[in-house]
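Enquirer: We have chain A already, so just place chain B on it with the hints.
Number of protein chains: 2
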Amino acid sequence: MRRIAKYDFPVSGVRRFLEPGPIVLVSSQCKGERNIMTLGWHVVLEFTPSLIGLMISSANHSFGMIRASGECVVNLPTTALTDIVVGIGNTSGAEIDKFAHFGLTAEQASAVAAPLIAECHAAFECRLHDDVLVDTYNFFIFEVVKAHVAPRPKHPQTLHYTGDGVFMVAGKTISRKSLFRPGML
Amino acid sequence: MRRIAKYDFPVSGVRRFLEPGPIVLVSSQCKGERNIMTLGWHVVLEFTPSLIGLMISSANHSFGMIRASGECVVNLPTTALTDIVVGIGNTSGAEIDKFAHFGLTAEQASAVAAPLIAECHAAFECRLHDDVLVDTYNFFIFEVVKAHVAPRPKHPQTLHYTGDGVFMVAGKTISRKSLFRPGML
Numbered sequence: 001m002r003r004i005a006k007y008d009f010p011v012s013g014v015r016r017f018l019e020p021g022p023i024v025l026v027s028s029q030c031k032g033e034r035n036i037m038t039l040g041w042h043v044v045l046e047f048t049p050s051l052i053g054l055m056i057s058s059a060n061h062s063f064g065m066i067r068a069s070g071e072c073v074v075n076l077p078t079t080a081l082t083d084i085v086v087g088i089g090n091t092s093g094a095e096i097d098k099f100a101h102f103g104l105t106a107e108q109a110s111a112v113a114a115p116l117i118a119e120c121h122a123a124f125e126c127r128l129h130d131d132v133l134v135d136t137y138n139f140f141i142f143e144v145v146k147a148h149v150a151p152r153p154k155h156p157q158t159l160h161y162t163g164d165g166v167f168m169v170a171g172k173t174i175s176r177k178s179l180f181r182p183g184m185l
Numbered sequence: 001m002r003r004i005a006k007y008d009f010p011v012s013g014v015r016r017f018l019e020p021g022p023i024v025l026v027s028s029q030c031k032g033e034r035n036i037m038t039l040g041w042h043v044v045l046e047f048t049p050s051l052i053g054l055m056i057s058s059a060n061h062s063f064g065m066i067r068a069s070g071e072c073v074v075n076l077p078t079t080a081l082t083d084i085v086v087g088i089g090n091t092s093g094a095e096i097d098k099f100a101h102f103g104l105t106a107e108q109a110s111a112v113a114a115p116l117i118a119e120c121h122a123a124f125e126c127r128l129h130d131d132v133l134v135d136t137y138n139f140f141i142f143e144v145v146k147a148h149v150a151p152r153p154k155h156p157q158t159l160h161y162t163g164d165g166v167f168m169v170a171g172k173t174i175s176r177k178s179l180f181r182p183g184m185l
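One line per chain: the protein sequences are A and B, in this order.
Going by the working numbering, the first residue of the first sequence is number 1, and it counts up by one from there.
Going by the working numbering, the first residue of the second sequence is number 1, and it counts up by one from there.
One chain only, chain A, in its complex shape (with noise of 0.2 Å):
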């Protein structure tokens, strides 16, 4: 599988890649255990800082690693990866090292301990900002941190989760940019 270089890009400008709601890779890092979950369920909440919440169910393996640690990576596939990504999405970290079962690189962050995955196109260091809905609805609200993009293609093919097994591939792009006030941009 290729491993993706990836470039720093401007911690502010995560809502490119995470507002049109693809399916991601959260890696996470705990007591020298590593672990990746498929997630859908993510908003965007601030730009400066750079907020965002995750609903991590706590029936994941991943659940305790990220909370005890305080971090995880946020990392963007594309249908490249889509049974890869289905395959983590129905297997345990409980059980297998989800890195070596896949194939997939890890990667030193610069942030945080939790390793970056080569293979994704996108890949944002998070820190644990707010934990105040962690406790009522498994919601976490994390810092982006650092960010790392490949510079092209500049919309990649993300996948969508619809439920029952059935993703939405990313489609064409289409700008109104001429519609727009300039500050609602």
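In case anyone wonders, no lab produced these hints; they're calculated from the structure.
Note that the coordinates shown come from a computational prediction; the quantities given were computed from them, not determined experimentally.
Be aware that a few hints might be false.
[Unchecked claim] Calculated cross-link-like contacts (lysine-lysine; reagent style BS3-like; alpha-carbon spacing at most 30 Å):
(1) Lys-177/B <-> Lys-154/B
(2) Lys-154/A <-> Lys-172/A
(3) Lys-6/B <-> Lys-154/B
(4) Lys-6/A <-> Lys-146/A
(5) Lys-172/B <-> Lys-154/A
(6) Lys-31/A <-> Lys-6/A
(7) Lys-172/B <-> Lys-177/A
(8) Lys-172/A <-> Lys-6/A
(9) Lys-31/B <-> Lys-6/B
(10) Lys-172/B <-> Lys-6/B
(11) Lys-172/B <-> Lys-172/A
(12) Lys-146/A <-> Lys-172/A
(13) Lys-172/B <-> Lys-6/A
(14) Lys-172/B <-> Lys-146/B
(15) Lys-146/A <-> Lys-31/A
(16) Lys-146/B <-> Lys-177/B
(17) Lys-146/B <-> Lys-6/B
(18) Lys-154/B <-> Lys-172/A
(19) Lys-154/B <-> Lys-154/A
(20) Lys-172/A <-> Lys-177/B
(21) Lys-172/B <-> Lys-154/B
(22) Lys-146/A <-> Lys-177/A
(23) Lys-172/A <-> Lys-6/B
[Stated by the list, open to error] In silico contact screen, one side only, chain A against chain B (beta carbon under 8 Å); selected entries:
(24) Arg-15
(25) Glu-19
(26) Pro-22
(27) Asp-83
(28) Leu-133
(29) Thr-162
(30) Ile-174
[What the hints assert, rightly or not] Chain B stretches covered by chain A per the calculated footprint, using a threshold of three residues with CB under 8 Å from any CB of chain A:
(31) 80 to 87
(32) 159 to 165
(33) 173 to 179
Even for Gly, the Cβ is constructed at its ideal location relative to N, Cα and C.
Expert: This is chain B only, laid out in the frame that chain A set:
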């Protein structure tokens, strides 16, 4: 513009439409006034009760109306409404009646006072469930109490905002159902 007939849909199933991350139109009503805003910052939080989170910037005229009424309707537009979606996001309900200005039809909801938008593919009636993060993050947790969905197409051509005036349009769908464990769909 075409009004779209919609039928009752299980509220526990709204993730099919919201998890892929489309731009939605949020309609509200308060003290006889009605309004619509565009929103891309939303997240599914739970199947049952059917909970969703909406980050509604307090800069929006709708913010006060939704907070005071504790209700809204999340409407799902398709590419047939692209220019109207942009128009709604670039005007203020403090200045115009957006239903009248954009030629949209307000339909009576079942469980809330806020109107449905007849020209949208789906409409989810929402009642405020938890406002604990409204002061700190403008983040509202709503329960979807009633869902209305057009029977076809099964996967509507939704709009997914990437910033900078550019939308990704929903592309083809692919199934990997055979690779899922039964409880993981």
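Enquirer: Taking the numbered hints from earlier one at a time, note which ones the structure violates and give those numbers from smallest to largest.
Expert: Checked against the structure, no hint fails, so every one of them is satisfied.
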